[in-house]
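Please build the complex by placing chain B on the supplied structure of chain A, with the hints as guidance.
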Amino acid sequence: DAGVTQSPTHLIKTRGQHVTLRCSPISGHKSVSWYQQVLGQGPQFIFQYYEKEERGRGNFPDRFSARQFPNYSSELNVNALLLGDSALYLCASSSGQGIWNTEAFFGQGTRLTVV
Amino acid sequence: GESVGLHLPTLSVQEGDNSIINCAYSNSASDYFIWYKQESGKGPQFIIDIRSNMDKRQGQRVTVLLNKTVKHLSLQIAATQPGDSAVYFCAEKRSGNQFYFGTGTSLTVIP
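Sequences listed follow chains A and B, in order. The first sequence begins at 1 in the working numbering and counts up one residue at a time. The second sequence begins at 1 in the working numbering and counts up one residue at a time.
Isolated chain A (complex conformation):
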């Protein structure tokens, strides 16, 4: 069975550009969350989607947006990139919304470098 898959694995962008990161959750999982992990720190929660609806948002600027598709895959979009957006972007999928305490399975991440 495939785990959480993210694409691309690495990406280099210039300041001011826009980026789209993609995530496919584990088959059967309806919840997708996005995290930003800056080097040397723990992952920071950005968004959670469940059944195509946003269910949570972390403390990130409006330049960050996301959506979830009918097949439960998801995209994270970042506009007007800043150098500080350079990080590992992680996608996690889980089966429940939070009614149950369910573990989150992480993908390998997309390494974004902004130059």
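Derived from the structure by calculation, the hints contain no laboratory data. Glycine included, C-beta positions come from ideal geometry on N, C-alpha and C. Warning: the hint list may mix true and false statements.
[Stated by the list, open to error] To be clear about the criterion: a stretch of chain B counts as covered by chain A if any three or more of its residues have a C-beta under 8 angstroms from a C-beta of chain A, and this derived list gives those stretches:
no. : segment
1   : 45-53
2   : 66-73
3   : 102-109
Just chain B, lined up with the frame of chain A:
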């Protein structure tokens, strides 16, 4: 503000010894916690979880202890092996399925 944090940023242990990694949290409403292991260049990998109605849970070579009175979690790894070298995070579940992570503890196993 509320946070999840770790007491020690680095830990070195001899192969075969037991390791203990600690974590403090401050959100008393959190009801579910997970320990993750992250190796270089990879995403976090689930190790073990615990619900707030438990104070101890054991897995294969790992044990998690939860002390709600002092808002403290620990991860114990028995007979630590070189493959256990990684950064370990505790994560606290808040509303929905949103996890909040601490900074992490880097575990180095000395052969």
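Here is how each hint holds up against the structure:
| no. | hint | verdict |
| --- | --- | --- |
| 1 | 45-53 | holds (count 4) |
| 2 | 66-73 | violated (count 0) |
| 3 | 102-109 | holds (count 3) |
Consistency note: the structure conflicts with earlier hint 2 alone.
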